[in-house]
Every structure is written in structure tokens, then in C-alpha cells.
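In the numbering used here, the protein residues as written are 1 to 201.
Bear in mind the hints are in silico, worked out from the structure with no lab data behind them.
A few of these clues could be false.
[Unchecked claim] In the EDC-like style, the derived pairs of lysine to aspartate or glutamate whose C-alpha atoms are separated by at most 20 angstroms in a straight line are: (1) 184 with 133; (2) 100 with 90; (3) 159 with 192; (4) 184 with 128; (5) 56 with 128; (6) 56 with 75; (7) 184 with 90; (8) 100 with 192; (9) 159 with 133; (10) 100 with 119; (11) 176 with 31; (12) 100 with 38; (13) 176 with 133; (14) 100 with 190; (15) 184 with 163; (16) 176 with 128; (17) 176 with 140; (18) 184 with 75; (19) 198 with 38; (20) 159 with 140; (21) 176 with 163; (22) 56 with 119.
[To be verified] Restraint-style ranges between C-beta atoms, simulated for each label pair: (23) 27 with 73: 32 to 38 angstroms; (24) 170 with 68: 25 to 31 angstroms; (25) 195 with 29: 27 to 33 angstroms; (26) 75 with 198: 42 to 48 angstroms; (27) 109 with 36: 27 to 33 angstroms; (28) 33 with 166: 17 to 23 angstroms; (29) 70 with 200: 41 to 47 angstroms; (30) 75 with 134: 18 to 24 angstroms; (31) 38 with 149: 18 to 24 angstroms; (32) 36 with 77: 34 to 40 angstroms; (33) 68 with 199: 42 to 48 angstroms; (34) 200 with 107: 19 to 25 angstroms; (35) 134 with 40: 39 to 45 angstroms; (36) 149 with 73: 42 to 48 angstroms.
C-beta: ideal position from N, C-alpha, C; glycine also.
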Amino acid sequence: MKHAWALVLVAAAGCVDLKSAYPDRRFYLLETARAGAERATSAGTVLRVRRVSASKMCDGSELVTRTADAVYESDFYNVMFVPPAAQIGEQAQRWLAGSKLFGHVVGAGSSIPETHVLEANLVSLHGDLRHGDAAAAVLEIQFLLVQVGADPATVVLQKTYREAVVCGAEPAQLVKGWSEGLAKILAALEADVASAIKSAT
Numbered sequence: 001m002k003h004a005w006a007l008v009l010v011a012a013a014g015c016v017d018l019k020s021a022y023p024d025r026r027f028y029l030l031e032t033a034r035a036g037a038e039r040a041t042s043a044g045t046v047l048r049v050r051r052v053s054a055s056k057m058c059d060g061s062e063l064v065t066r067t068a069d070a071v072y073e074s075d076f077y078n079v080m081f082v083p084p085a086a087q088i089g090e091q092a093q094r095w096l097a098g099s100k101l102f103g104h105v106v107g108a109g110s111s112i113p114e115t116h117v118l119e120a121n122l123v124s125l126h127g128d129l130r131h132g133d134a135a136a137a138v139l140e141i142q143f144l145l146v147q148v149g150a151d152p153a154t155v156v157l158q159k160t161y162r163e164a165v166v167c168g169a170e171p172a173q174l175v176k177g178w179s180e181g182l183a184k185i186l187a188a189l190e191a192d193v194a195s196a197i198k199s200a201t
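Work out the full structure, taking the sequences as your base and the hints as a guide.
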């Protein structure tokens, strides 16, 4: 009888769908939309947005959360569809093109000669879960704007922007918080670039 029960258990185990024991991976994208009036265009200018670099902490696609002062965790099942640094570069290019601050805004692969170059480094992108239900979507980016049309080339803006948007602790809520934070950062960057260009002319 014991052998019979063992055979039944083995047969039952063989019928279990192992795939159902693991959750599906979910993919996310950052989304921003510029609002407001266009700015005065600086005639004859071309801005090239270079590929955004990223610190080792956020150069992957898996969502990262901070659960203690020195403890970070990555989530295999919740990931960015496109690496965060690439998304930020695309969003910055689209945002600044919409502002009309420059005559043209191009990417790294364009053959058009540039008058200005925008460089960026993604310093941090994580969900801060250290305080229970009071989660925050943390985003920090360094920007460097160089006027390469001048001789010698001149740094006209160098600044680090940081946002910590209070949100829920679920992955979708963190991504929404990062999107809100990125929109705030790009709006601040636009205003600072406008002032920097005006001061440089």
C-alpha cells in the first residue's frame, strides 16, 4: 500500500505545471509629456543629445528598491522594457525639441554638425522602501551642457537634479513616480538651459 501511495504522489507531481509556480515578468516604460508654451529659439543652434551613461547601481533593467540604509534589492520579475539611461536620453531629446530652445535637436547618430552638446549621467533610480508605506521613487541625474561652437568649447551648464516622489510601493506605482520625477527634472533643466543660453549670448 505504501508503494501504491508513493506512485500516486509521483504521478500527481508530474502533472503540476511548474511554469505556473513563477509569476510572469512585467515590463515598464517611463513616460513624460511637455506642457506649456514654446520658448524663443536661439537662431542657428543645433543641440546634440549624447547617449546617457549610468552608474553601476542603475545600468541594468531590473527595478531596484532600497529596503535598508545599505541594502538594495533588484526585482527579476519587474523590469524596464528599455534600459533606463536610454529612455532618459530619448525623453530629454523629445522634451528639448518640443521646447524650441534650439533650431534643431538631434541624437548621437546624426551627421548634422552641432553647436551644443548635452551629456547626462544617471546617478540613481530606485524605490526607497525604508519607511514602510511611505515609499518614494528616487531619481537623480547629472547634466552637462557644452557650447562646442565656441573656441574654446565652453561649459554653459553643469548641474545635478534629484527628485523623490512619494508614491506607493508597488512596481507600477514606482514607475509612475519616476515618470513624474523625470518630468520635473526635465522642466527644471529646460528652464536652466534657457537661462544659460541667454547668458552665453
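Which of the numbered hints are not met once you compare them with the structure shown?
1, 9, 18, 23 and 24
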